[in-house]
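Peer 1: Sequence:
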Amino acid sequence: MRTLNLGILAHVDAGKTSLTERLLFNAGVIDRLGSVDTGDTQTDSLEIERQRGITVRAAVVSFTIGDTAVNLVDTPGHPDFIAEVERVLGLLDAAVVVVSAVEGVQAQTRILVRALQRLAVPFVFFINKVDRLGAQYHLVLEDIARQLPVRPIAMSAVIGPGSKHVGVEALDPLAEPSFTALCELLAENDDALLGDYLTAPDRLTAERLGRSLADQVSKGLAHPAFAGAAMTGVGLPPLTSAIATLLPGRHLDPDGPIAGRIFKIERGWGGEKLSYMYLASGTIRLRQYLDLPNGPARVTGIQVFEAGGVHPVTSFRAGQIARVGGLAGARIGDVVGDDLPSGGRSHFAPPTLETRVVARRPSDNAALWLALNQLAEQDPLINLRRNDDADEVFVSLYGEVQKEVIQSTLLTDFGIEAVFEESTVICVERLVGIGVGLEIIFKEPNPFLATVGLRVEPRPEGAGNSFALEVDVGQMPASFYRAVEDTVSETLKQGIFGWQVIDCHVAMTAARHSSPASTAADFRQLTPLVLAAALSAAQTVVCEPIDRFHIEAPAAALSGLHALLAKSGAMTRDSVIIDGAARLEGTIASAMTQAILQQLPGLTSGMGTMEYSFDHYARMADPPRSRRRSGVDPFNAGDYLLRRR
Numbered sequence: 000m001r002t003l004n005l006g007i008l009a010h011v012d013a014g015k016t017s018l019t020e021r022l023l024f025n026a027g028v029i030d031r032l033g034s035v036d037t038g039d040t041q042t043d044s045l046e047i048e049r050q051r052g053i054t055v056r057a058a059v060v061s062f063t064i065g066d067t068a069v070n071l072v073d074t075p076g077h078p079d080f081i082a083e084v085e086r087v088l089g090l091l092d093a094a095v096v097v098v099s100a101v102e103g104v105q106a107q108t109r110i111l112v113r114a115l116q117r118l119a120v121p122f123v124f125f126i127n128k129v130d131r132l133g134a135q136y137h138l139v140l141e142d143i144a145r146q147l148p149v150r151p152i153a154m155s156a157v158i159g160p161g162s163k164h165v166g167v168e169a170l171d172p173l174a175e176p177s178f179t180a181l182c183e184l185l186a187e188n189d190d191a192l193l194g195d196y197l198t199a200p201d202r203l204t205a206e207r208l209g210r211s212l213a214d215q216v217s218k219g220l221a222h223p224a225f226a227g228a229a230m231t232g233v234g235l236p237p238l239t240s241a242i243a244t245l246l247p248g249r250h251l252d253p254d255g256p257i258a259g260r261i262f263k264i265e266r267g268w269g270g271e272k273l274s275y276m277y278l279a280s281g282t283i284r285l286r287q288y289l290d291l292p293n294g295p296a297r298v299t300g301i302q303v304f305e306a307g308g309v310h311p312v313t314s315f316r317a318g319q320i321a322r323v324g325g326l327a328g329a330r331i332g333d334v335v336g337d338d339l340p341s342g343g344r345s346h347f348a349p350p351t352l353e354t355r356v357v358a359r360r361p362s363d364n365a366a367l368w369l370a371l372n373q374l375a376e377q378d379p380l381i382n383l384r385r386n387d388d389a390d391e392v393f394v395s396l397y398g399e400v401q402k403e404v405i406q407s408t409l410l411t412d413f414g415i416e417a418v419f420e421e422s423t424v425i426c427v428e429r430l431v432g433i434g435v436g437l438e439i440i441f442k443e444p445n446p447f448l449a450t451v452g453l454r455v456e457p458r459p460e461g462a463g464n465s466f467a468l469e470v471d472v473g474q475m476p477a478s479f480y481r482a483v484e485d486t487v488s489e490t491l492k493q494g495i496f497g498w499q500v501i502d503c504h505v506a507m508t509a510a511r512h513s514s515p516a517s518t519a520a521d522f523r524q525l526t527p528l529v530l531a532a533a534l535s536a537a538q539t540v541v542c543e544p545i546d547r548f549h550i551e552a553p554a555a556a557l558s559g560l561h562a563l564l565a566k567s568g569a570m571t572r573d574s575v576i577i578d579g580a581a582r583l584e585g586t587i588a589s590a591m592t593q594a595i596l597q598q599l600p601g602l603t604s605g606m607g608t609m610e611y612s613f614d615h616y617a618r619m620a621d622p623p624r625s626r627r628r629s630g631v632d633p634f635n636a637g638d639y640l641l642r643r644r
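Residue 0 is where the sequence shown starts when you use numbering that gives the first Met the number 0, and the numbers rise one by one after that.
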């Protein structure tokens, strides 16, 4: 049987969870449709999801269409939970991007489409809510072609859009105008089809056009667009057929070597860790030992997603997704067995906000830290930071909604009432030049039994941090080099001004130990001091996050908006007026985004909307903004050595 890992992606409120429910209902795995409004959908199982009517955690459900086993992943649509989407994109064979027929292309739509194309994940569009007042299928298709780097092709005809009696029919590929549009689209990348289209169009059967379309969809060259209403089921059969025939799946080997990845972690009723694992090759059995990055672990329980439910089993095979117990040291992103072809690098921007968390009852401080660690285990980008000297705890965030969800989760799941202070923007540091640092064994003031030499140099914007060895790796135990690399990664989280250093290459240029006295601890404790010296020699600048914004408002409010944006330091790149509506696009410092959002309703009589997303980091004007450090400060060598001793 063919396996298809299918993602359902969309901007918030486009209707992706409703589409998931409809697909499950039509597949016969549920006998009643759930509703986002009433909080009883199959995939939104968390209490906070039911209360708010939004998806917070990615959910998995499996069903079959003909001879295709579909592992369907329903992902969050709100931009505050983009990290959940990131963790599953690398596992997908294909995706359905849901777009509202009323709102059209939105900020999250653009972000998701770019990420899918970057990862070469094929996808089709489903234009939902054609029964809603204001629905315009063809205008949304034009919007998709204009705003996104894709080639959409209409696969549906909508009759009477915007009413409860709307009808949706699948277009006949051999009838006009569908035939000409489809042939012209496919002929751009199919020379044989182009020749027949020009000289022998009678050879172009529906089967041949279908094969060419499926081939180009799998290569990301074409993007069919279906229309319908997930709530009523109108227009769903053509989409279901496309999932089974157009989208590329896999034929996997259950007898091959084990190759899988952990993409989600949660806690069971008893607090035990449960790891969501997709298996691309091989078979895993109960009580089997698995090799994980943190060491081997034994499988104590397996629950497989199948036929719309979760079932306890004694083994699971390639192509299945299972919830596995017993892997106490597992982390999100861990590879099990042989490496998989995708993954590894982050595809979305990191969080740009940070907030201090305080337990309302001081006696809950220890419990708060443990609870936040469990939440960070489920979402590593929460990025906990603790200042032991001041007894302060900070968490990183994508937005205010995520803050509210974490606060509510702490209360409902852990019984901890926490106060979240006002969010502040997270800056970063970038290198100005090249710097070196060196501490030699047995030479003052170095008290450690180790020699470490490091060179730092800037990398291109967005390249990330890297580490390389420029020494003879055979002169010391491998654990000593690993200790240096791990410590470099940790030390770069707090640069000269207390912010994370990004786009930095670190090379180890000198290494020596004294056998058998030297230990890995010597290298771990010396490395921060050497790296701090190298960073100080290179110097860094503080950079703040910049958002890209898109504002729509009545044309009458345009002058006021321009004045507000100019006062806030925004750079407006595009400003147009169409049919009495003004559209503005540009960039603005993330620190000013919330202020714009607060003033927008008053300036536009409540009719203005603003979409925004992270764009890049830009150097801040002097003086640079600093952040209080946590832990021992290696940039103060005297104090560092005193406290280490």
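It is possible that some hints are incorrect.
[To be verified] Result set (DSSO-like, lysine-lysine): computed pairs, CA atoms no more than 30 Å apart in a straight line:
1. K566 - K402
2. K442 - K272
3. K492 - K402
What the hints contain is simulated information worked out from the structure, not anything from laboratory work.
Peer 1: Hints first: check each against the structure and report whether it holds.
Peer 2: Here is how each hint holds up against the structure:
{"no.": "1", "hint": "K566 - K402", "verdict": "holds, 28 Å"}
{"no.": "2", "hint": "K442 - K272", "verdict": "violated, 47 Å"}
{"no.": "3", "hint": "K492 - K402", "verdict": "holds, 22 Å"}
In summary, the structure is inconsistent with hint 2 from the numbered list given earlier, while agreeing with all the others.
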